[in-house]
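J.: Sequence:
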Amino acid sequence: MKLKVRGVTVNIRIWNEHLEQTIVMLHGFTGSVSTWNTVAQSLSDYRVVAIDLVGHGQTDSPKDIAAYTMDEQLLQLNEIFQQLKLHHFILLGYSMGGRVALAYATAFPREISHLLLESASPGLKSAQERAIRRSSDEGLAAIIEANGLEAFVDKWENIPLFATQKKLSLNAQQAIREERLSQSEIGLANSLRGMGTGAQSSLWSRLEELKMPVTLITGELDEKFCKIAEEMQALLQNAQNVTVKQAGHAIHVENPEQFATIVKDAIKIKES
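Heads up: the sequence shown begins at 33 in the working numbering, then just goes up one per residue.
Keep in mind the hints are simulated off the structure, nothing from the lab. Mixed in with the good hints, there may be bad ones.
Said to hold, decoys possible - Derived DSS-like pairs (lysine-lysine); straight-line CA-CA distance at most 25 Å: (1) LYS117 to LYS296; (2) LYS117 to LYS36; (3) LYS187 to LYS199; (4) LYS243 to LYS300; (5) LYS95 to LYS187; (6) LYS187 to LYS117; (7) LYS34 to LYS95; (8) LYS243 to LYS296; (9) LYS117 to LYS34; (10) LYS300 to LYS277; (11) LYS198 to LYS259; (12) LYS277 to LYS296; (13) LYS157 to LYS256; (14) LYS199 to LYS277; (15) LYS256 to LYS199; (16) LYS198 to LYS187; (17) LYS117 to LYS198; (18) LYS300 to LYS117; (19) LYS157 to LYS259; (20) LYS277 to LYS259; (21) LYS187 to LYS256; (22) LYS199 to LYS259; (23) LYS243 to LYS259; (24) LYS243 to LYS198; (25) LYS243 to LYS117; (26) LYS277 to LYS243; (27) LYS296 to LYS259; (28) LYS157 to LYS243.
Could you put together the complete structure from these sequences and hints?
T.: What follows is the structure, given as structure tokens:
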């Protein structure tokens, strides 16, 4: 389905629409609603709502960078949730989508019953780190615009963060590549500029404010984000940290059935 939100047409996919308990899922950079297909099919007891974030999938890719800022993204999401009449729902985000989910939970804590973050970060702690990352993100955005999407994807799929995906079947790897190649050049470039890690304000100091249950999910082979999750757990009031064996950054892609089981178990534990 498509919704018009704050001047942007947003693509949304819903599974098990007749059910009441809802999990909203937010994809990572270069992703789309299709990244959740297998996971959603394993969550038959929940209504699953997946959203193409601005600049991704079948959602609009505006030329104006103002449409991509984190603050604007939160306002877009909040209006989507109001139009869908979603309140007190489960919110799950992966990587970039995890940063968005965490920012939303911080801004609208009463709307979230349970927050699940897969390989996500509260941002960079210092202004200097953010400035360096903004410069890096701008360089990447410029490469996308100058060299085109295919050249960027050729580089992106070979960064160390995704090394574990080389173990996937050729069909799975091809599906991931096709999802990346289906994106918009201007959408990805402006996403980096507007809500990349360098552009986002640090949320580290806000973690202690969150009272809802938070489940942190990381792959043991993704050492950087395992360390981040441990630091986050120490600051959160009500957090569970799950490390998945023999998995890297994108657990939901590398082992979707196990990921769905982790999600179901985490929700049931917090409800009991």
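J.: Now tell me, hint by hint, if it's right for this structure.
T.: Tested hints:
no.	hint	in the structure
1	LYS117 to LYS296	holds (23 Å)
2	LYS117 to LYS36	holds (15 Å)
3	LYS187 to LYS199	holds (18 Å)
4	LYS243 to LYS300	holds (17 Å)
5	LYS95 to LYS187	holds (24 Å)
6	LYS187 to LYS117	violated (40 Å)
7	LYS34 to LYS95	holds (20 Å)
8	LYS243 to LYS296	holds (20 Å)
9	LYS117 to LYS34	holds (15 Å)
10	LYS300 to LYS277	holds (21 Å)
11	LYS198 to LYS259	holds (23 Å)
12	LYS277 to LYS296	holds (18 Å)
13	LYS157 to LYS256	holds (15 Å)
14	LYS199 to LYS277	holds (14 Å)
15	LYS256 to LYS199	holds (20 Å)
16	LYS198 to LYS187	holds (14 Å)
17	LYS117 to LYS198	violated (40 Å)
18	LYS300 to LYS117	holds (23 Å)
19	LYS157 to LYS259	holds (14 Å)
20	LYS277 to LYS259	holds (15 Å)
21	LYS187 to LYS256	holds (20 Å)
22	LYS199 to LYS259	holds (23 Å)
23	LYS243 to LYS259	holds (22 Å)
24	LYS243 to LYS198	violated (38 Å)
25	LYS243 to LYS117	holds (23 Å)
26	LYS277 to LYS243	violated (28 Å)
27	LYS296 to LYS259	holds (24 Å)
28	LYS157 to LYS243	holds (22 Å)
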